[in-house]
Amino acid sequence: MLESSATQGPYWEQPLPEDEHLRHQMEHLREEHLLFDPRPPAELNKYVLAAMKKTGPRFWLLVLGLGGMVSVFLVTWLLQMIYGIGITGLNRSVMWGPYIANLIYFIGIGHAGTFISAALRMMRMDFRRPIARAAETITLFGLATAGLFPIIHVGRVWKLFYMLPIPNQRGLWPNYRSALFWDMSAITTYIIGSTLFMYVALIPDFAMARDHTSGWRKKLYTALALGWRGSEGEWHRLETVSNLLSFVIVPVMFSVHTGVSWNLSMSLQPGWHSAIFGPFFVVGALYSGVAAVILVMILVRQAMGMGYFIRKEHFNAMGIFLLILTLTWIYFYFAEWITNWYGNLPPEVAIQRQLTGPLAPLFYGMLFCNIIVPLATLWSRRIRTNLKALFVVALIIQVGMYLERILIVAAFLSRNELPFNWVDYVPRLPEILITVGAMSFLVLMYTLFTRVAPIIPVWEVYEGQAVQSPRRIGRAVVPTRTEAH
Amino acid sequence: MADLMLLGLFDNVEIVADVVDDVRALGVDDRQVEVLSNVPYPAKFFGRKAARLWFLPFAVGGALLGALTAFFISKITPQLYPVYVGGQALTPVPPAAIMYFEFVSLFTMLGSFLGFIVQNRFPVMSPRIYDERITDGYIGVTVRASLDVAEKIVEVFEKHGSHVVKREDAANFPSGNRRTFLLWGVAGVAGLVMAAAPLLLTYDVIRIPWIDKMAHTVSVGYQEGPRRAAPAAAIPLQGPVLINGQPASEPLPATENSIRRGEMLYATNCAICHGYGAEKEGATVGNAYFQEAPALETVVAELSDSEIFLTITNGKNRMPSLAENLTPGETWDIVNYLRTLSADATSNADAS
Chain B
1 MLESSATQGP YWEQPLPEDE HLRHQMEHLR EEHLLFDPRP PAELNKYVLA AMKKTGPRFW
61 LLVLGLGGMV SVFLVTWLLQ MIYGIGITGL NRSVMWGPYI ANLIYFIGIG HAGTFISAAL
121 RMMRMDFRRP IARAAETITL FGLATAGLFP IIHVGRVWKL FYMLPIPNQR GLWPNYRSAL
181 FWDMSAITTY IIGSTLFMYV ALIPDFAMAR DHTSGWRKKL YTALALGWRG SEGEWHRLET
241 VSNLLSFVIV PVMFSVHTGV SWNLSMSLQP GWHSAIFGPF FVVGALYSGV AAVILVMILV
301 RQAMGMGYFI RKEHFNAMGI FLLILTLTWI YFYFAEWITN WYGNLPPEVA IQRQLTGPLA
361 PLFYGMLFCN IIVPLATLWS RRIRTNLKAL FVVALIIQVG MYLERILIVA AFLSRNELPF
421 NWVDYVPRLP EILITVGAMS FLVLMYTLFT RVAPIIPVWE VYEGQAVQSP RRIGRAVVPT
481 RTEAH
Chain P
1001 MADLMLLGLF DNVEIVADVV DDVRALGVDD RQVEVLSNVP YPAKFFGRKA ARLWFLPFAV
1061 GGALLGALTA FFISKITPQL YPVYVGGQAL TPVPPAAIMY FEFVSLFTML GSFLGFIVQN
1121 RFPVMSPRIY DERITDGYIG VTVRASLDVA EKIVEVFEKH GSHVVKREDA ANFPSGNRRT
1181 FLLWGVAGVA GLVMAAAPLL LTYDVIRIPW IDKMAHTVSV GYQEGPRRAA PAAAIPLQGP
1241 VLINGQPASE PLPATENSIR RGEMLYATNC AICHGYGAEK EGATVGNAYF QEAPALETVV
1301 AELSDSEIFL TITNGKNRMP SLAENLTPGE TWDIVNYLRT LSADATSNAD AS
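Residue numbers (the numbering used here), protein chains in the order written: chain B, 1 to 485; chain P, 1001 to 1352.
You may find that some hints are simply not true.
Unchecked claim - For each label pair, taking beta carbons as the anchor points, the in silico distance ranges come out as:
| hint | chain 1 | residue 1 | chain 2 | residue 2 | range |
| --- | --- | --- | --- | --- | --- |
| 1 | B | A335 | P | A1089 | 41 to 51 Å |
| 2 | B | A275 | P | D1204 | 37 to 47 Å |
| 3 | B | F247 | P | P1092 | 24 to 34 Å |
| 4 | B | Y199 | P | Q1088 | 54 to 64 Å |
| 5 | P | M1264 | B | V399 | 47 to 57 Å |
| 6 | P | V1189 | B | F368 | 54 to 64 Å |
| 7 | P | A1050 | B | F247 | 18 to 28 Å |
| 8 | B | F247 | P | S1321 | 53 to 63 Å |
| 9 | P | A1050 | B | Y199 | 20 to 30 Å |
| 10 | B | R23 | P | F1181 | 31 to 41 Å |
| 11 | P | K1166 | B | S214 | 45 to 55 Å |
| 12 | B | R23 | P | G1027 | 28 to 38 Å |
| 13 | P | V1189 | B | V399 | 42 to 52 Å |
The hints are simulated quantities; they were obtained by calculation from the structure and are not laboratory data. Keep in mind it's a predicted model, so treat the numbers as computed, not measured. Glycine is no exception: its CB is placed at the ideal position from the N, C-alpha and C atoms.
If we strip away everything but chain P, and leave its shape as in the complex, we get:
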């Protein structure tokens, strides 16, 4: 025998509580009864048991996922791509604590929300018995019952002054749960893919040759001169000072230490264009923008010390000024180092 779906509308909590009692007296299981309202009346108002809640697994699961995310960011990534800053350990506790706090909070909230959606079987994808007057303040009671019991329930509804009684075939209201779960399953998989795909690239699981040479990135000039003019009353600091239009500061003697310092500084600041050691061409050679960087061994021999100094300090043609990167002393160190290069070149030429 087919079941019927009944809906009665009432305007008072007391009456609904009586209706619920009377329907229960007819032997209808509590799970077949539902009370619909536009006000969050607790179930105890109608003498019914509150629905069982399952938020804990969602919230805890979210929190664990958040902790895992924080662990990934604060422990695994620094191990894979170590960057040393300011003498900090790779995984110092205070910043890691912030990560754990934020991501545990975020995923706890997402988990709770997901729990809310899933427990309510939202979004509802199949028709359910309903009346639009419920949001106007009427309280709806729906009962699913077999035909003979349904008649008695309708009597109960009418006895208590129901405004409306809807009678529908229960077959019209199939459970739409499967479609809802399917939707969330598909959405979940799509979300995972969307979240994981960029990680595959950024964590080098899939390797694509990134543009990692500075020469290939777009160069943008600064918008203003490197330094503002010093205030009128400014006092010069100790040490060599380079002032535009005046002779460069004192050269440093070409001691062994100075030459070694110069070599290190050269490797950092100059080698990318001018080449270093056996590699006579820098990494930028072959790029249209940088192609003119000359081999220094020949050029340097034709220049005086102060000419080299000024070229490094002020730049020349496409070579940028290194005034901000090197102190005058460091520049002299490089000059001293460059002198040893041309001396090597000359002695090599002599030997052959």
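Bound conformation, chain B alone:
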């Protein structure tokens, strides 16, 4: 019973059982589970590195297209700086439009990355192993894109230093009693923390890339790997620092979208001034974030040929996670809505009439995307493991969550306590170009990053493959879990 499963040869060369029945089950398990299907690391390293180095004409065409969109974005922004924020559709009382909605949205999709790597790491969920890096990368560039929007939104960018907590003689010190400053410090903490967390896990993979590349890549990876050799002490400290960072960064992650929501709910704007806004935004962020991770998983798998690493089991697990978040989000949205509806306060009724009246197509479209579609599909394992179907569902959720953010910001602001201040907001071209351009910026950064850093955390996969193995109970072979640490 206590015999080692691998007395001879490396873990990736363990023989299949002789009995035909068991052998058949074993082969089935290998097909399904990445961790029971070990292959020589030499082969997998080559595979991952080759995908990183591959830059065909299609890749450059994509980069060119996205680069074009980003330059449109930059030119639009420049025009907005020259002519002022008046070239957008923003005006009293809708001073917060798509720019703030984009801030909320992009920070939101950055939430799932850390949740998947940090929280699932703490809970020792093995399905996170091959997808953690792809998810963390969304966090990194989602936050970078989101960080642009306060700057775009303030209009006079040369006054940006007012955001920093520096005292001055104007008596306008933007002090820590303002929700904007809470949010700024939360986002700063989060972006620094998640970058450290991601970098720590990248070090062994940079060492792998260092050992098997040449030229400029070798120089780059040698510098980034910091001299990693994989000694027991190094691994031990890597595990410990990852655990430490995980435990700190999960509460920080919750604080970030709570901080974003408090930017809204600390005001007395009807519809916004609600205690549930913090948790509601966190759930919404996770919801759109997990859907975004699924989109990226599918794109990385198909475009870079990562079918070996990212398998149906991972889509299935993420689909279940998404379904749970759908239900949670519905609950929060309903709790928020029914409180306002029952309260029957005139300005809140005006907002609800606006949503179910002139904005009904957007509002009901949002409910359709966020509630009907995921509930109707994600319960089915066949849909969860069908890449095309899952892609469409995740994309629909993105649309739904974006609509939700636009409605919460622009539609809520258009109705308030003072009827003479009511106004209907219609976006103009600049906001639309800047929004599309920012999205392109995120995709462009992500695309370039996949060519510089290993998008699959290979050492985490090897760890799982080296330690995990199935076990025979009676006539069946079943998956088991080994806790090595």
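Could you slot chain P onto chain B? The hints should help.
Only chain P this time, still in chain B's reference frame:
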């Protein structure tokens, strides 16, 4: 006698555990042995003791530094530069709690990361014995031993089917720790300077005359008229209403209270250009943009009450409209106050 540095490559955890046992049996100290792998095998797999960790001082030190930062932002800065907003205390608990949470978290993470780097002696600046096949899944065992023991260790390696045996002079692998610590020392000092230098300026330790007069900042006009037209069905609120093209609302009688209110409002809204009390010129006089602001005592005497009212409300030449800053009643208060000025001027002239 010079030491040798040995490296053997194996492909199985069991074998490495046997090798480690055999090397220990030769009397080699455990600290001279290191196991290298591309998988985080815990030391217990090889029957070895886990490395001692020193994360606590780094994490706690970071947390304390974070708490200090939060204290600086939420307690010291408001004391130095008090800004009173919305009836809040200078250091209210709830926002201060947020500061403590965020900055303790941030610096705990930075401290832990620093601990990781420092304990691993990263970045490694001197050569170390290594083989690139380790990242291909082979497990390396390195031993530092004297020449005679080294021969026996090589025998142990070969007995257990080592794929490769590297033999190097241990003198080729000096400790690079000093250079690494020097690098981090320099980086740390540079970081401190970069963080502290802006604070010296912003907290007035080094005083540079900032541009703090509004007159010297660039003036940017609004992009649209001050108010949208009221909706067709809008109902006027109570009180005086100013409608373009119609006569100004009723003047207020020049009571003593009205004049005192007017004086206060004048000091807030008008004095910056027109001067106040003994100072006959406002702070903006001498600036190219504002130089035309006239001394009011003479101008006001030539204007009727409603002309003054309209000038304040709509602006004139370079003077901006104050319609958004003052209600019609407040404007009348200022008119009443201005009348006392010209009365003073006249009586002074009479007396002399």
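Given the hint of 47 to 57 Å, is the C-beta distance from M1264 of chain P to V399 of chain B inside that range or not? holds, 55 Å
Starting from the hint 41 to 51 Å, judge whether the C-beta atoms of A335 of chain B and A1089 of chain P obey it. violated, 33 Å
In this structure, is the beta-carbon distance linking V1189 of chain P and F368 of chain B contained in 54 to 64 Å? holds, 59 Å
Using the C-beta atoms of K1166 of chain P and S214 of chain B, is the stated range 45 to 55 Å upheld? For S214 of chain B against K1166 of chain P, whose Cβ atoms are near 21 Å apart, the range 45 to 55 Å is violated.
18 to 28 Å was suggested as the range; check whether the CB atoms of A1050 of chain P and F247 of chain B agree with it. holds, 20 Å
Note whether the CB distance of R23 of chain B and G1027 of chain P lies within 28 to 38 Å or breaks it. Violated: the Cβ-Cβ distance is about 47 Å, outside 28 to 38 Å.
Honestly, do A275 of chain B and D1204 of chain P meet the 37 to 47 Å range at C-beta? Given a distance of about 40 Å, which is inside 37 to 47 Å, the answer is holds.
Is 53 to 63 Å right for how far apart the beta carbons of F247 of chain B and S1321 of chain P are? Holds - the Cβ-Cβ distance for F247 of chain B and S1321 of chain P, about 58 Å, lies within 53 to 63 Å.
Given a hint of 20 to 30 Å, does the C-beta separation of A1050 of chain P and Y199 of chain B actually sit inside it? At 24 Å between Cβs, range holds.
Is the hinted range of 24 to 34 Å satisfied by the C-beta distance from F247 of chain B to P1092 of chain P? This hint holds: roughly 29 Å between Cβ atoms.
Determine whether the Cβ-Cβ distance between Y199 of chain B and Q1088 of chain P falls within the hinted range of 54 to 64 Å. For Y199 of chain B and Q1088 of chain P the Cβ distance comes to about 39 Å; the hint is violated.
Lying within 42 to 52 Å: is that true of the beta-carbon distance V1189 of chain P to V399 of chain B? Holds, since V1189 of chain P and V399 of chain B (Cβ atoms, about 51 Å apart) stay within the stated range.
Taken one by one, the earlier hints fail for this structure at numbers 1, 4, 10, 11, 12, listed in ascending order.
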